[in-house]
Each structure stands twice: as structure tokens, then as C-alpha cells.
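Q: Next come the chains, spelled out residue by residue.
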Amino acid sequence: IAGITQAPTSQILAAGRRMTLRCTQDMRHNAMYWYRQDLGLGLRLIHYSNTAGTTGKGEVPDGYSVSRANTDDFPLTLASAVPSQTSVYFCASSEQGGNQPQHFGDGTRLSIL
Amino acid sequence: DQQVKQNSPSLSVQEGRISILNCDYTNSMFDYFLWYKKYPAEGPTFLISISSIKDKNEDGRFTVFLNKSAKHLSLHIVPSQPGDSAVYFCAANDAGGTSYGKLTFGQGTILTVHP
Numbered sequence: 001i002a003g004i005t006q007a008p009t010s011q012i013l014a015a016g017r018r019m020t021l022r023c024t025q026d027m028r029h030n031a032m033y034w035y036r037q038d039l040g041l042g043l044r045l046i047h048y049s050n051t052a053g054t055t056g057k058g059e060v061p062d063g064y065s066v067s068r069a070n071t072d073d074f075p076l077t078l079a080s081a082v083p084s085q086t087s088v089y090f091c092a093s094s095e096q097g098g099n100q101p102q103h104f105g106d107g108t109r110l111s112i113l
Numbered sequence: 001d002q003q004v005k006q007n008s009p010s011l012s013v014q015e016g017r018i019s020i021l022n023c024d025y026t027n028s029m030f031d032y033f034l035w036y037k038k039y040p041a042e043g044p045t046f047l048i049s050i051s052s053i054k055d056k057n058e059d060g061r062f063t064v065f066l067n068k069s070a071k072h073l074s075l076h077i078v079p080s081q082p083g084d085s086a087v088y089f090c091a092a093n094d095a096g097g098t099s100y101g102k103l104t105f106g107q108g109t110i111l112t113v114h115p
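So the sequence lines, in the order shown, correspond to chains A and B.
Residue numbering for the first sequence is 1 to 113, as defined by the working numbering.
Residue numbering for the second sequence is 1 to 115, as defined by the working numbering.
To be clear, the hints were calculated from the coordinates, so they are not data collected in a lab.
A couple of the hints might just be wrong.
[Unchecked claim] The calculated DMTMM-like cross-link candidates involving lysine to aspartate or glutamate, where the alpha carbons are at most 20 Å apart (straight line), are:
| id | chain 1 | residue 1 | chain 2 | residue 2 |
| --- | --- | --- | --- | --- |
| 1 | B | 37 | A | 38 |
| 2 | B | 102 | A | 38 |
| 3 | B | 56 | B | 15 |
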């Protein structure tokens with residue numbers, strides 16, 4: 001079934017550790033996004049990529065980095081995790097263009113202790 | 001500064017009745033609006049969208065209304081079904097401008113439909 005796969009589904013991590021959340025899509029979408037969902041705040045954009053080889057900062061990029069080496073993969077890295085990064089992380093993709101709906105993965109629940 | 005607001009954290013309706021979910025926005029550059037539905041432990045699923053050149057878009061039981069002068073949109077579900085119980089997110093972007101595909105989401109509204 002075509003879609004977006006995120007891994008891991010959940011993780012408990014000690015503060016200060018490095019962590020990479022994986023995201024792979026098989027829809028050949030040019031654009032990909034990372035969001036975090038926190039209670040009372042909805043989903044907030046962390047980083048995005050309009051096409052392979054390019055990335056950009058979203059609303060809450062500090063403490064996170066991304067890369068887009070190819071069309072299918074868009075990993076999100078926490079270089080040194082802090083407790084405030086405890087959240088549910090969603091990856092999404094869409095056809096290129098501002099009026100295209102985004103398709104989401106099922107999320108990674110990350111707890112930083 | 002919350003540019004997209006869903007002021008009702010929750011809504012409870014009876015099966016068969018209408019559910020109305022509301023959303024307000026402040027950024028006048030927004031020209032494309034979407035509604036997403038989210039079940040627990042799953043990612044948001046796209047439901048319906050509307051461009052700012054329209055004031056209504058309908059898809060089966062779901063209708064979205066846009067009032068640009070009031071910077072307000074609403075999602076109507078008729079008739080409501082227990083399977084519609086989920087969190088509903090409103091989202092917006094400046095499709096024709098520099099924000100490209102970047103969505104700004106509201107806080108979400110938990111809809112519960114009682115049998």
C-alpha cells in the first residue's frame with residue numbers, strides 16, 4: 001500500500017543523546033515535511049523540503065536538522081535531545097505546489113528523559 | 001501568535017444530527033484551507049479543502065464554508081456518525097506565495113458522536 005512509513009513508532013531517549021527519526025514515502029512526492037504535535041498547540045512545522053536536495057526551516061526548527069538526499073527519504077535528527085522535544089512527530093508529503101493536500105505518516109512518539 | 005485558531009476544544013453531538021466545527025484565522029495572505037481528521041495513534045487524514053476563490057465546497061456528508069471577510073471557516077458534517085468521532089484540525093496556507101506548501105494548523109477540536 002502506497003504511503004508514508006515512519007520509524008520508530010515510539011522511543012524513550014535520555015537527554016543529550018542523538019536521535020534520527022526516519023521517514024520514507026513511495027508516492028514520488030516532491031515535497032516533504034516534519035511536524036510536531038503538542039497538546040493545545042496542534043501541529044507545528046519543523047522543517048520542510050520542496051524537492052530533493054533542498055530544505056527549509058519551519059516554525060520551530062531549533063534543535064532539529066534534516067536532509068533530503070533523494071525523493072523518498074527525509075530523516076529528522078535531534079543532535080542533542082532535550083526534554084522539551086518530547087512530542088509526537090509526524091512526517092508528511094505532497095505533490096509540489098501550495099494547493100496540494102499533505103499525506104501523513106502515523107507518527108513517532110518520542111519521550112526525552 | 002496563533003494564526004489559525006479553533007476555539008472549541010471539544011464538541012459532542014448525537015448520531016444523525018449536524019456537527020459544526022469552527023476555525024478562525026488572522027493572516028489575510030492565507031488562500032487555501034484544509035480540514036484533517038485524526039484518530040488516536042494514527043496520522044492526520046486529509047478530509048476536504050477550499051480555495052479562497054470559493055465560499056463553499058461539498059464532498060458527501062462534509063461541507064466546508066469560507067467567509068473571507070470574517071476570516072472564518074467551518075466544517076459541517078451531516079448526518080454525523082459515531083465513526084466521525086476524532087480530532088479535527090483546520091489548516092491554512094498561502095498557496096500562491098512564499099509559504100508554498102507549508103501549513104499552519106489550528107489546535108484541533110475533539111468531536112464525539114454519541115449513538
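Q: Now look at each hint and say whether the structure bears it out.
A: Against the structure, the hints:
no.	hint	result
1	37(B) / 38(A)	holds, 16 Å
2	102(B) / 38(A)	holds, 18 Å
3	56(B) / 15(B)	violated, 24 Å
Of the numbered hints given earlier, the model fails hint 3 alone.
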